[in-house]
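With these hints in hand, go ahead and build the complete structure from the sequences.
Those protein sequence lines, which keep their order, are chains A and B.
The first sequence begins at 50 in this note's numbering and counts up one residue at a time.
The second sequence begins at 50 in this note's numbering and counts up one residue at a time.
You can't tell identical chains apart in this list, so a pair holds if it fits in one copy or across any two.
In silico DMTMM-like cross-links for lysine to aspartate or glutamate, where the CA-CA straight-line distance does not exceed 25 Å: (1) K348 to D332; (2) K79 to D337; (3) K164 to D367; (4) K78 to E161; (5) K212 to E338; (6) K78 to D266; (7) K230 to D337; (8) K230 to E338; (9) K230 to E66; (10) K78 to D337; (11) K79 to D367; (12) K315 to E338; (13) K348 to D337; (14) K230 to D334; (15) K78 to D367; (16) K165 to D367; (17) K235 to D216; (18) K379 to E154; (19) K78 to E338; (20) K79 to E338; (21) K87 to E102; (22) K229 to D337; (23) K460 to D323; (24) K315 to D216; (25) K230 to D332; (26) K73 to D332.
What the hints contain is simulated information worked out from the structure, not anything from laboratory work.
Number of protein chains: 2
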Amino acid sequence: MNIAVLGYGTVGSGVVEIINNRGKDLMNKKMSENLFVKYILEIRDFPDDKNKEKFTKNFEDIIRDHEISVVVETIGGINPAFDFTSRCLSAGKHVVTSNKELVAEKGLELLELAKKNNVNFLFEASVGGGIPILRPLSVCLAANNIRSINGILNGTTNFILTKMISDNMSFETALKIAQKKGYAEKDPTADVEGHDACRKICILAALAFGNHIYPKDVHSEGITKIMLEDVAYAASYNSVIKLIGTAQQLNNGQLYILVSPAIVNKTSQLASVDDVFNAILVDGDATDEVLFYGKGAGKFPTASAVVADVIDACNHTDKRRLIGWGPEKKGVIVDYKTIKNQYYVRLRVFDSFQILPTIKANLGDIHLLSRSGATTLELAFITNEYTETELIDKIENIKGAELKSLIRVAKC
Amino acid sequence: MNIAVLGYGTVGSGVVEIINNRGKDLMNKKMSENLFVKYILEIRDFPDDKNKEKFTKNFEDIIRDHEISVVVETIGGINPAFDFTSRCLSAGKHVVTSNKELVAEKGLELLELAKKNNVNFLFEASVGGGIPILRPLSVCLAANNIRSINGILNGTTNFILTKMISDNMSFETALKIAQKKGYAEKDPTADVEGHDACRKICILAALAFGNHIYPKDVHSEGITKIMLEDVAYAASYNSVIKLIGTAQQLNNGQLYILVSPAIVNKTSQLASVDDVFNAILVDGDATDEVLFYGKGAGKFPTASAVVADVIDACNHTDKRRLIGWGPEKKGVIVDYKTIKNQYYVRLRVFDSFQILPTIKANLGDIHLLSRSGATTLELAFITNEYTETELIDKIENIKGAELKSLIRVAKC
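The following block contains the structure:
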């Protein structure tokens, strides 16, 4: 079976390396045919690469070659990945991608194109890197109504938060270390603002609940505003702050989907997920909670997920794998601001003792938190359940209190 | 698609209930045909059951009915499950089972029979209950060389150990509670002696490494000898005692497979797996460690795994799923006694202070452990790496020391 790999970056080069090293072995164990990389599409030059005879700069070489039945897309981004992927599917070639932006934004069109052309469009590597999650969610948990998915979906932010929690390091310092280690990009926006996690929760929610979810419709908040004070207060509440992507089906069938920092109790399976690791907690009505944990990024973890999809595509050339979803359902996503939740609140106040009665009068029962080094100019607590709108209104009504931090308390 | 369910116990009745309740919904989402339970084979009478018109006591009704293309086997044990399963496969019917004893003992014969008849033999529910593990291991991690698998594979023993660790309860008392809650059988041997975990690690190892592994060839030790003293010493070493099934591929290609209690450091992902939960840690050369966690038993978790296999079988009636392994490889399993490992040792001694120099002279560096309430008649420590044979020999040579407990230190 001849394949082409589009893009020779971290993941693409990992795919080529795994197939070169293990192609024959895979044939014996997992497939009836040998797996062979015939083309690598890449605009850059790699004159000293041992695969140099496979390189092409011309996509037409691949699309015209009838020997190529599976194409791997690891270019990333929407353009030209979308165009290339569409053309491959239309030409009757199976496509495997690790590109979460492509799947989150254009997944529906590509799935429909794949269906029309009776080929596979597979994307296990787009969520959770090397962690098997999309296929288990779609196939192994098929008999469940999924109630919710909560996940630590971005390794970069989890690394930064771990440094803040374990080493009392500021966000800025931790980010610099993450960049130095290659975990964060020079422009870290997509990670630290939650956009990357948002794409992944959209893909998970689409698979679990059956309709395309567009990232633009999902509120996402990053971790740039988290202060060490918040980390300390969370610790006093036997909790840690994690960036959580959440997708829940409400009783009325609507979906509550959100990416935001959250206060996670240490008894949660997600609390001990540290460094660049990812974990996804799926709650099904038959299985209850099932957790998938591992390396959510990196060359070989992600490449191995791509190669597994290639094998699956090769084993299903004549019969499509039924992994996918339908069109978006307008109005299915609730405004997250209308959902009641407990919140962690940190205020700047003129005097914490004097203002406390007013706060209690406005917010009812609160659970006060403490940290060493706090002055009377600061007050932090956990509230009862409010919508974010209600809570912010009530806090704005309290004279002499300025809202410095508001973080939801996770229910996972 | 009409199916038959053999056995109407916990799992079988769960399968019928899920299909009755969700058959139509599954058809819309996951399958092209409706799913319908036509027969339930059961020797007991259920006169008031709402499915009573489906019951039969005659297996011939099922085997002769050409409308039945998928048969679910949830009888358990080898007889008559093996005979029924063989006959179904030979008759060209797909079989899905939750029966770990059947798969561990007769899996190879049944896989070969399935292949011969071009039908599926699927058994996701046989390991880890509702946790997706066999399909992810076989399909999603296909591009990996699996280095090792370590798992908490038996919920009953994990519940008992959790009670011993968290509530300082003796093994006997914890077992009684487990029996009262329905987690342990009246005769708890298969669970507490490690036989159940042994069947599961055999299935995992066969899938991961490619050859049938028979439970009789795998040393398995249970948890009946674990004392609260051992639990306390482990805690002083920042560890917990867990019953771990382990399967590792050694550099020479041989397999080290074992079920035994193990000292697990609290930093391990397996240490926080409590109560009846199961978890399986798979170490692949591309993904590194991936963890699967959830409810390893129970009616609906297990039944949902069975139904997922039924859906997969229905979606692959014309093309077999390639999940399985080949014949056993004689001599591939190393004698566990020849493998070096660190051990936890508890001795009864005449005087711990006086004997310590002799112990150090025999065993070299040891890491002494302490617990509150220990007298000078007791000594516990962690050793350097020894084979079990070497270590027992050395301890037997120490006059005035009697070996009370020997537990391997886990490497996961």
